[in-house]
Amino acid sequence: MIYWFDLLGVAVFAVSGALAAMQAGLDLFGLLVIAAMTAVGGGTLRDLLLNRHPVFWMKDTRYLLVIVASALAALMVGPFPGHAIAVLKIADALGLALFALCGTEIAEEHGVKPMPALLMGTLTACGGGVLRDVLSGQAPLLLRKDIYATAAIGGIALYFALKAMGLPMRWAFVLGMVGVAALRLAALYFGWQLPALQMLQLH
Amino acid sequence: MIYWFDLLGVAVFAVSGALAAMQAGLDLFGLLVIAAMTAVGGGTLRDLLLNRHPVFWMKDTRYLLVIVASALAALMVGPFPGHAIAVLKIADALGLALFALCGTEIAEEHGVKPMPALLMGTLTACGGGVLRDVLSGQAPLLLRKDIYATAAIGGIALYFALKAMGLPMRWAFVLGMVGVAALRLAALYFGWQLPALQMLQLH
Amino acid sequence: MIYWFDLLGVAVFAVSGALAAMQAGLDLFGLLVIAAMTAVGGGTLRDLLLNRHPVFWMKDTRYLLVIVASALAALMVGPFPGHAIAVLKIADALGLALFALCGTEIAEEHGVKPMPALLMGTLTACGGGVLRDVLSGQAPLLLRKDIYATAAIGGIALYFALKAMGLPMRWAFVLGMVGVAALRLAALYFGWQLPALQMLQLH
Chain A
152 MIYWFDLLGV
162 AVFAVSGALA
172 AMQAGLDLFG
182 LLVIAAMTAV
192 GGGTLRDLLL
202 NRHPVFWMKD
212 TRYLLVIVAS
222 ALAALMVGPF
232 PGHAIAVLKI
242 ADALGLALFA
252 LCGTEIAEEH
262 GVKPMPALLM
272 GTLTACGGGV
282 LRDVLSGQAP
292 LLLRKDIYAT
302 AAIGGIALYF
312 ALKAMGLPMR
322 WAFVLGMVGV
332 AALRLAALYF
342 GWQLPALQML
352 QLH
Chain B
152 MIYWFDLLGV
162 AVFAVSGALA
172 AMQAGLDLFG
182 LLVIAAMTAV
192 GGGTLRDLLL
202 NRHPVFWMKD
212 TRYLLVIVAS
222 ALAALMVGPF
232 PGHAIAVLKI
242 ADALGLALFA
252 LCGTEIAEEH
262 GVKPMPALLM
272 GTLTACGGGV
282 LRDVLSGQAP
292 LLLRKDIYAT
302 AAIGGIALYF
312 ALKAMGLPMR
322 WAFVLGMVGV
332 AALRLAALYF
342 GWQLPALQML
352 QLH
Chain C
152 MIYWFDLLGV
162 AVFAVSGALA
172 AMQAGLDLFG
182 LLVIAAMTAV
192 GGGTLRDLLL
202 NRHPVFWMKD
212 TRYLLVIVAS
222 ALAALMVGPF
232 PGHAIAVLKI
242 ADALGLALFA
252 LCGTEIAEEH
262 GVKPMPALLM
272 GTLTACGGGV
282 LRDVLSGQAP
292 LLLRKDIYAT
302 AAIGGIALYF
312 ALKAMGLPMR
322 WAFVLGMVGV
332 AALRLAALYF
342 GWQLPALQML
352 QLH
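Protein chains in written order, with this note's numbering: chain A, 152 to 354; chain B, 152 to 354; chain C, 152 to 354.
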């Protein structure tokens, strides 16, 4: 079941990449590249850092097919109406939650300690969005707005805390995911943001 | 013979990187970095993703020597006259064709299926140009203008189609290369472009 | 002792990343990401290119702890007074020297030839700074200003020259480090810069 959730997460992230590409005025090829980067960029960086080969989308072609289909669908639906954007943001929060916990678990399976594993989970969940922003010529929004990566970190930390308290791994995993999604959705609903740090005059 | 073609492709891409660095007002070190990134960045990403070690320019130092020599030559020739730019664009189309098909074949040799292999070929051919643009502070042109990556994809698809129709691999390879170069040169000659996608108002 | 120097270099680079993040108006998460990227980004790229696993900060969690502590310290000290910046620049020159020579030696231990080893040393020392600039939305300063990477290259070249002249490796290593630091500090003190290359009119 996690596999199908995973494909759903990939689809949602591909749509988010496609929307960014349309906003940036890219062409069809650019749209597909940005959609793919957003959807599997984080997981690919994780696999490279963990020396996990073959990279997941190389052995299971379904990922690439889902990306192409989602990006083309986003293109054809065209300017998204407001409520479609809202649905997309909820799906995105679920994808974020799933990718964060799956990435963490994969790192643990590779014998990585909790602190770098938390980093790998966050990278899996948020790396694609950073690549999307850099490649479409923007400073990464992720680093500057929204409780997004912070939600991932919070949920992963909850997962480690629950495991340390003796909860079975499966329950800690699910509750960690719920934590990420709840933090992200609450931040969206209430408009929470981390404060930007004070400017410096270095000269 | 492919080896010498390969070095020629590296030289041409290094010159293109050096030109971009001069336009961006970088210094000598920046020029060499951008030239190297443009020339071997795509192939390096491919090798990392395929877990192919040592990375090709580490065992054969000739690649780095060719890059340094080409970049310095570009610097000394200085502002390129119009017809030198034209020669360069033709050589660039040949380099694109060679890198696209070689990258695809290397991926196939590593047991990668056609769809990700097509991706690896496109990455080999176009990844360096994207790195060049990001590092010299521009939104990647590749994703926004010109039939460039599209030519690579078209030629690689032709290669797979011809192989599937029973053509010997060697012939499919050569015809795929001809396909890439022809598409690219025709796009340059006739000014073909992919249409930019419509803008979206996300908020 | 090199290990403690290494952690010091990581701390200094993390502070430099944190300062850049504050200037760019990022939030707390962005600050930590940029600090980590600046501190270990170059070494991580080196490890990936050399196929050296696990990546150094995965097996020794102390690196991540030092990064978090340094970045938070930089945040709390707030707008740095002028003389703190001066101290930081000196520490940065020492970190640059250490990372350049350590990166080179690690590459040599992996059987890499001198020219790519020089590249690996430069990447270890300067890669993090380039990532910092790209992620905080600036064209990489490194490629455009200051004798920075050039100092790394000069010191590494000195190291190879001294080894070739028969000096024991340990002495060549130390003198190479002195070379990097001296070049960098002299460039800061005298305001040396590489000249920007001439602009080109490509069309």
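Some hints here could point you the wrong way.
The list treats identical chains as one, so a pair stands whether inside a single copy or across any two.
Stated by the list, open to error - Computed cross-link-like contacts, SDA-like style, restricted to lysine to any residue with a CA-CA straight-line distance of at most 20 Å: (1) Lys210 to His261; (2) Lys210 to Leu196; (3) Lys264 to Leu159; (4) Lys240 to Ala338; (5) Lys240 to Phe311; (6) Lys210 to Leu199; (7) Lys240 to Arg321; (8) Lys314 to Asn202.
These are calculated hints, taken from the structure and not from any lab test.
Outcome of the hint check:
Taking the closest pair of Cα atoms, Lys210 and His261 come within 20 Å of each other both inside a single copy (19 Å) and across two copies (11 Å). Proximity of Lys210 to Leu196 under the C-alpha cut-off of 20 Å is found in both arrangements, the shortest distances being 16 Å within a copy and 18 Å between copies. Taking identical chains as interchangeable, the C-alpha atoms of Lys264 and Leu159 are never at most 20 Å apart, the minima being 28 Å within one chain and 22 Å between chains. Taking CA atoms no more than 20 Å apart as the test, Lys240 paired with Ala338 passes inside one copy only; the shortest distance there is 11 Å, against 39 Å between copies.
Proximity of Lys240 to Phe311 under the C-alpha cut-off of 20 Å is found in neither arrangement, the shortest distances being 26 Å within a copy and 38 Å between copies. Both within a single protomer and between protomers do Lys210 and Leu199 lie at most 20 Å apart by alpha-carbon distance, with minima of 15 Å and 16 Å respectively. Taking CA atoms no more than 20 Å apart as the test, Lys240 paired with Arg321 passes in neither setting, with 26 Å inside one copy and 48 Å between copies. In this assembly of identical chains, the alpha carbons of Lys314 and Asn202 never lie at most 20 Å apart, being 26 Å within a copy and 32 Å across copies at closest.
Checked against the numbered hints above, the structure breaks hints 3, 5, 7 and 8 and satisfies the rest.
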